[in-house]
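Colleague: Chain residues, written in single-letter form:
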Amino acid sequence: MSNQQTADTTGTTLINHWQRGVPVSHERVFTPTLLFFSAIAAIGLAMAGVRLFSPLGAFSSMNDAYAWGIWKTFNVMTLTALGSGPLALGIAAWVFNRQKLHVVMRTALVSGFLFYSTGLIALGFDVGRPWNFYNAAFPWTWNMESAMLEISICMPLYCALFLSFEVLPLFLERFYYTGSERMRVLLRRVAPYIRRIYPFFLIGAYVIPLMHQSSLGGLLLLAGTKINPLWQSPAMPLLYLLAAGLCGLAFVILLLLTCCFRYSRSLDVDVLTELGNLLSCACFLFLGVRVVDILWRGQLHAAFAFDSMSILFLIENTLIAIPAIALRSKAMRETPRKLFNMAALACVGGTLYRFIPTTIAYAPARSTSYFPSVPELLMAAGYISLGIVAFSLAVKYFAVLPGDDRDWNHVFRPIGWLRAKKPVVEVKSVAVAKSEGTTAWPASL
Amino acid sequence: MNGILNRRQALKVMAGFGGTMAAAVLPAKAEEHPAHPVAPPDAIAMLYDSTICTGCKACMPACNEANGLPADSLMSGGIWDMPTDLNSKTKNIIELYQDPNAWKAGEHVPKDVAPEGSDFAYVKRQCMHCLDPACVTGCPFGALKKGEWGAVTWNSSLCIGCRYCEVACPFEVPKFEWNNWNPKVVKCEFCFDQRLKKNMEPACTAVCPTGAVVFGKRTDLLAKAKDRISASPDKYFEDRVYGEHEAGGTQVLYLSRVAFDKLGLPKLSSTSLGHYGTKVTSVIYKWLSGPILAAAVLGFAIRRNWDRHEAERPEREKETGFPDQL
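Listed in order, the protein sequences are those of chains A and B. Numbering follows numbering that gives the first Met the number 0, in which position 75 of the first sequence is assigned residue number 74; successive positions increment by one, without gaps. Numbering follows numbering that gives the first Met the number 0, in which position 225 of the second sequence is assigned residue number 224; successive positions increment by one, without gaps.
For the record, the hints were derived by calculation from the structure and aren't laboratory data. Just so it is clear, CB atoms sit at the ideal spot from N, CA and C, and this is done for glycine as well. Be aware that a few hints might be false.
Stated by the list, open to error - Here are a few chain A residues that sit away from chain B, every Cβ distance over 10 Å (derived from the structure):
#1 Phe35
#2 Ala45
#3 Ser53
#4 Leu55
#5 Ile90
#6 Leu148
#7 Val189
#8 Cys280
#9 Leu299
#10 Ile324
#11 Ala330
#12 Met331
#13 Glu333
#14 Ala360
#15 Ser368
#16 Phe370
As the list claims (entries may be wrong) - To give an idea of the interface, some chain B residues facing chain A are shown, with a C-beta separation under 8 Å as derived from the structure:
#17 Glu31
#18 Asp80
#19 Met81
#20 Asp84
#21 Asn86
#22 Tyr96
#23 Gln97
#24 Phe119
#25 Phe140
#26 Lys174
#27 Pro182
#28 Pro290
#29 Ala300
#30 Ile301
#31 Arg302
As the list claims (entries may be wrong) - Label-pair restraints from in silico Cβ distances:
#32 A/Gly123 / B/Met74: 31 to 39 Å
#33 A/Glu180 / B/Asn179: 56 to 64 Å
#34 B/Ser288 / A/Ala136: 49 to 57 Å
#35 A/Ala362 / B/Ala57: 42 to 50 Å
#36 B/Lys317 / A/Ser263: 48 to 56 Å
#37 B/Ala205 / A/Pro138: 35 to 43 Å
#38 B/Asn179 / A/Pro31: 38 to 46 Å
#39 B/Asn179 / A/Pro228: 30 to 38 Å
#40 A/Ser372 / B/Ser75: 25 to 33 Å
Kindly produce the complete structure, drawing on both the sequences and the hints.
Modeller: In structure tokens form, the structure reads like this:
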């Protein structure tokens, strides 16, 4: 298709191939992998359903010393950091005008939406008295100084309103090209309004996660001395936010490279190096604040005491420091395999920072042991699998993954049960379309 | 120039007027979470003197009875109340501390051999009713609140069961009913509804036969505790009252011969956790000024870049032959 392909050592083409979101149209929908994850998701959700009618104690090994299990500490506090791609990329693209990044926004948005929504499902089954959540509608019951309030209001709001709004064009685009003429007329009428309110939604879509991602760190301030001093710090809200940006960027790189490899898509050197560069900067920013904070609080001796906490601290920061330094090199950024490895390291380092303070470094004086029970693990895995299944369906039915626009003529895979027919691709070269002047898309979704 | 204000004078007058107005309109409220909170004059308290307590545990069934709690008989084979810690059936517990060196298993060390004050001591544990409770600061919908006389109480209709109170409490007091479909947060509430409102003192202090735990105003009990310390110097650990300053001060005060941390009373700084947890956010979120400012700055940049993007859109669409994707 493309006439200017060059292959690097790993066999991946590295000329710019990403112009727009293009659905994956030549792959089977129900692969064995998808069925596997669907099964785990089904088991997890079925257990969550049973949990609705059963006390928490039967389903988890949480106890009064470790009142927060992995649903909160991993599915919510850690994985929403990976789901902060829309925040990090969005700010880079719309606030700092990194125009190249618009093409990968949809990948970030869909993954972010799924991380948040599955995290919120986890939260819904984790809280003990969910029926009292109606109080969120009555602001006079709000305790305005509680970080937990900020999270319990802002996270659902962000996911249900702002992320959903940003994901909406995916659906409208599909409806436009697959729907009836009446649908097209309607969408043509609606599209300008969406574009008019879009920038206002963008403001909310960045301010609100800035608030709740920092509040996740703010939560832990009240835990005080229960958290090891290497992590317990007044800078935790800022560090949690920076870790979210770092993880968001790293995860989008990881996801793009994984999907492009899986679906044999070509890559785009400009976008990937830009992302690699931003990731390196985010890592340096995080490490800078982390080091200043450690020095400021006089904890340097604890950092190099080489006890278990110190080693954990060193591992975590080394995992972030390696990609920070390595990705300064242009050759590293331009080699997909190396970029992938570095992004993976940053992901692990960043998520470790978000996970450790509530779990490994969380040691109440009357400490008991906590290790998630099997149902707890299955439910956590179920929520994650749900996200994987939904993402895999999204890239096949919607124009999510970035691709070459010459490969796609706005034909979407029809939605059918189990045996989706191979889509009939209307082969019409762009040149022909141009010469005909067919602007079949005044909707511009 | 007489009679007419020049620009500078006018500004001065306006600034002065504005300042006066602001001072009059805005309430001159004290800081919400001072580092070292001061107890209000009507604050009640409990004083527990570990040197007087004989470990009779009369306070435990009294507490259970007053609060309608079942006996925790798991460890006793279903016979009597035998909790191992504060839990969802136990709001008040007497614990025993034994010096592992003075009391080795199977070997009785005579009292005069063990170093003075290291043998054993009882400790009563219940909610400390902090002057600035971390659980109240963290509770999202205000289910936990510090009410009249300073008692920290729990409201079932506001609690969502997030268990942040358990994470926040430095004394590890609030407990969650893990085995209840409709779980409650269980903690000592100073017998607020059960007894205080009816003009009775809490069940534990009312029943204590030795006067090891007594009820009164915090100022009175603090003075009483200091009197005991000065009456018998060197008797009490560090010659101080635990709870006077811990975590910003608590409404349960302790005297002990044995080190407080050995009794399970944690070493805490005198700064309240509420102050530590909110000193930055209270500035950022004051009148939502931080988020509004962020929205203004981001909005300015987004608007500019959006307009630029939209202006270039027709040309870009024409060039690529495809519509712009959001």
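Colleague: Does B/Ala300 meet its interface restraint, that is, does its C-beta lie within less than 8 Å of any C-beta in chain A?
Modeller: Given a least distance of 4 Å, the restraint on B/Ala300 holds.
Colleague: Measuring from the C-beta of B/Glu31 to each C-beta in chain A, is the shortest one below 8 Å?
Modeller: holds, 7 Å
Colleague: Falls inside 42 to 50 Å, the C-beta gap from A/Ala362 to B/Ala57?
Modeller: violated, 34 Å
Colleague: At a threshold of 8 Å, is the proposed contact between B/Asp84 and chain A supported by beta-carbon distances?
Modeller: holds, 7 Å
Colleague: Can we keep the B/Lys174 interface hint, with Cβ of chain A closer than 8 Å?
Modeller: holds, 5 Å
Colleague: Tell me if the beta carbons of A/Glu180 and B/Asn179 are separated by a distance inside 56 to 64 Å.
Modeller: holds, 58 Å
Colleague: Please verify that the nearest CB of chain B lies beyond 10 Å from A/Leu55's CB.
Modeller: violated, 6 Å
Colleague: Run the C-beta distances from A/Ser53 to all of chain B and say if the shortest one exceeds 10 Å.
Modeller: It is violated; A/Ser53 is separated from chain B by about 7 Å at its closest Cβ, not greater than 10 Å.
Colleague: Using Cβ atoms and 10 Å as the threshold, tell me whether A/Ala360 really stays out of contact range of chain B.
Modeller: holds, 13 Å
Colleague: Against chain A, run the beta carbon of B/Gln97 and see if the smallest gap drops under 8 Å.
Modeller: It is violated, given that the least Cβ distance between B/Gln97 and chain A is near 17 Å, above 8 Å.
Colleague: Does B/Asn86 hold up as a contact with chain A if the rule is Cβ-Cβ below 8 Å?
Modeller: holds, 7 Å
Colleague: Let's test the interface hint: is any C-beta of chain A closer than 8 Å to that of B/Phe140?
Modeller: Check passed: Cβ of B/Phe140 comes within 5 Å of chain A, closer than 8 Å.
When the structure is compared with the earlier hints, violations turn up for hints 3, 4, 5, 6, 18, 19, 22, 23, 24, 34, 35 and 36 and for no others.
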